[in-house]
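Colleague: Each chain is listed here by its residues.
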Amino acid sequence: MSDGIPEGLIKPEFERRYRKLLGEEYDILLSFMARKPTPSIRLNPMKVDPGWLVAKLEESGWVLEPIPWYEYGYRVRKGPERLGNTEWHQLGLYYVQEAASMIPPVALSPSPGERVLDLAASPGSKTTQLSEMMRHEGVLVANDVTPDRVDALIANIQRMGSINVIVTLSDGRRAPQFFGEEKFDKVLLDAPCSSLGEVRRSWGALARWSPKSINKIAKLQLSLAKAAYRVLKKGGVMVYSTCTLEPKENEWVVYNLLKLGAVLEEPQLEGLRWRPGLERWMDWEFGSELRKTMRIYPQDNDTIGFFVGLLRKPM
Amino acid sequence: MSEFLAWIREWFGVDLSGYSLIRSGKKRIRLLTKEAAGFDVKDVIRGVYLAKKAPYGYIISVEGSYIIGREALRHVVELSEEEFRRWMKGEDIVVELPERGVYLVKFGPVFAGSGYYNGEVLHNLVPKSRTVEP
Ligand SMILES: C[S@@+](CC[C@H](N)C(=O)[O-])C[C@H]1O[C@@H](n2cnc3c(N)ncnc32)[C@H](O)[C@@H]1O
Numbered sequence: 001m002s003d004g005i006p007e008g009l010i011k012p013e014f015e016r017r018y019r020k021l022l023g024e025e026y027d028i029l030l031s032f033m034a035r036k037p038t039p040s041i042r043l044n045p046m047k048v049d050p051g052w053l054v055a056k057l058e059e060s061g062w063v064l065e066p067i068p069w070y071e072y073g074y075r076v077r078k079g080p081e082r083l084g085n086t087e088w089h090q091l092g093l094y095y096v097q098e099a100a101s102m103i104p105p106v107a108l109s110p111s112p113g114e115r116v117l118d119l120a121a122s123p124g125s126k127t128t129q130l131s132e133m134m135r136h137e138g139v140l141v142a143n144d145v146t147p148d149r150v151d152a153l154i155a156n157i158q159r160m161g162s163i164n165v166i167v168t169l170s171d172g173r174r175a176p177q178f179f180g181e182e183k184f185d186k187v188l189l190d191a192p193c194s195s196l197g198e199v200r201r202s203w204g205a206l207a208r209w210s211p212k213s214i215n216k217i218a219k220l221q222l223s224l225a226k227a228a229y230r231v232l233k234k235g236g237v238m239v240y241s242t243c244t245l246e247p248k249e250n251e252w253v254v255y256n257l258l259k260l261g262a263v264l265e266e267p268q269l270e271g272l273r274w275r276p277g278l279e280r281w282m283d284w285e286f287g288s289e290l291r292k293t294m295r296i297y298p299q300d301n302d303t304i305g306f307f308v309g310l311l312r313k314p315m
Numbered sequence: 001m002s003e004f005l006a007w008i009r010e011w012f013g014v015d016l017s018g019y020s021l022i023r024s025g026k027k028r029i030r031l032l033t034k035e036a037a038g039f040d041v042k043d044v045i046r047g048v049y050l051a052k053k054a055p056y057g058y059i060i061s062v063e064g065s066y067i068i069g070r071e072a073l074r075h076v077v078e079l080s081e082e083e084f085r086r087w088m089k090g091e092d093i094v095v096e097l098p099e100r101g102v103y104l105v106k107f108g109p110v111f112a113g114s115g116y117y118n119g120e121v122l123h124n125l126v127p128k129s130r131t132v133e134p
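Going down the list, the sequences are from chains A and B. Oh and the first sequence: position 101 is 101 in my numbering, straight run, nothing missing. Oh and the second sequence: position 75 is 75 in my numbering, straight run, nothing missing.
Hints were generated in silico from the structure; no laboratory data involved. Don't be surprised by glycine CBs; every beta carbon is placed ideally from N, CA and C. Worth double-checking, as some hints may not be accurate.
[Said to hold, decoys possible] Calculated from the model, a selection of chain B residues having no Cβ within reach of chain A, i.e. all distances over 10 Å: (1) S2; (2) A6; (3) W11; (4) F39; (5) P55; (6) R100; (7) G119; (8) S129.
[Said to hold, decoys possible] Interface residues of chain A toward chain B, partial, derived using beta-carbon atoms under 7 Å: (9) I5; (10) K47; (11) G51; (12) Q90; (13) L169; (14) S210.
[Stated by the list, open to error] Taking lysine-lysine pairs in the DSSO-like style, the calculated list, with each CA pair at most 27 Å apart, reads: (15) K234/A - K42/B; (16) K234/A - K34/B; (17) K27/B - K128/B; (18) K128/B - K233/A; (19) K56/A - K89/B; (20) K11/A - K56/A.
If we strip away everything but chain B, and leave its shape as in the complex, we get:
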């Protein structure tokens, strides 16, 4: 977990210490409020899925993109409305970005998950269940 927190701090400039983070399976991380984490009850699940380990860092969920994106100092990409509509259909977007890696996607005040930029295109990491069907 400390590795993840350090990555978020370094890559986006965001400190998540105000929240509780829990591991879910080998690769996934969930986020919830400290109060909800401290409540004693036998649960099925708590909070929301935040991120998943990937070779190039972490895939950030749509919800994660809000929580992190609102405070992020870097690695956020703003799309035009036309690009945003295509992004929400699950398409990759051709853009020019400063460096390779994970970017949070934004349209106006709205966050729309994350993508991986390989130097040419921003690969769409939004799960299919959260995209718009044609």
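Bound conformation, chain A alone:
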């Protein structure tokens, strides 16, 4: 991917909407979207003393920079071309994971001993991170609907040694029927999305962008979010995240959960720059509560774009 977004890839409606959303920062967003993000890795503290591995990697010439919001996350400023083809990767001592993708598990903050559900889990970046944050104690159910993608999930769970994980294959929209109501202390819904935040890694999302496709995916996201909320215990918390910046896929979905009684909380993440969620967009009035959700723009932390909402189900 070269610098500069190819001619004609940005649709006029996209430009109109995003200029409205971002104002003067629209061009900054585009310039960041045109550049690949710095690769990053997440060390596996369940398999190796992170200090030992960092020293070993630095000894071989890697230049690592800690990611402030996750203690085992590092950007690789200098390292091998293929981060997925090293001894340490193959032994499951680290996982190649975008820095922003480490945010939803930190926002959810699972504790050892809890019952946790990752409803759209493949290929398992966040599943394996959650399992490590739980120190392999308690139960983590990792679900996905796509059989092919479940294979990748299983392979990553194996490689990272996540021994408290159960893999299930089901349509997340039917989660209450599949798992039962109010079963989990914590639920992560890292929803399928239009992947606009991923444009830094591939142009595909920009080429596919259209208001119609966004409405369609938002409908799926809302069904998944409602199902996720139903399997959450009273008093439990849920994270809704996407790697897109589309309000319809983000604030609109969370706004609809608030109507079911969910209460927003502000995630606590060290050293992360984020913008409050939108109070209104187009014809919708989401309300000031939505300011507790996080919009993570590529230019703020040099990551891909992300959205994170942390919701509690009242007792």
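Chain A is already provided as a structure; the job is to place chain B with the ligand on it using the hints.
Modeller: Frame of chain A; chain B with the ligand shown alone:
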């Protein structure tokens, strides 16, 4: 399963009774926490692949080498960095070991699967998908 547990106890001096073990197919054994084993849900799979029956005992997976290796009293072989790098490319290693059989492979604090020692070389049992491509 009791045969496997007895073999692990005798060969490595390790007691796995703190975990749950389940059979997967005829030859494979998986390991998971007791809590994850007790959770009632229709699964595709649980926990991680641990070991596979072989004529000379059991092949231990990379993950198994961590879980067992951390507590093993014997049959663990420490490689030099140069040997370890070759091992991770899938090569067999010429070493001298006390007796024939399955050994867990270690480099520093890191475990790297298992090998079978035939009296001359340590045969690499790490699956290709877990080795480093040249
Ligand atoms: C953004 S990806 C998840 C990434 C994953 N959480 C990670 O961190 O590695 C969204 C996932 O949702 C899954 N998905 C799509 N529709 C679904 C449905 N109806 N139920 C469950 N999962 C679904 C897709 O197969 C895809 O793996």
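Colleague: Which hints, by number, does the structure contradict?
Modeller: Numbers 4, 8, 9, 11, 14, 18, 20 - these are the hints that the structure violates, sorted from lowest upward.
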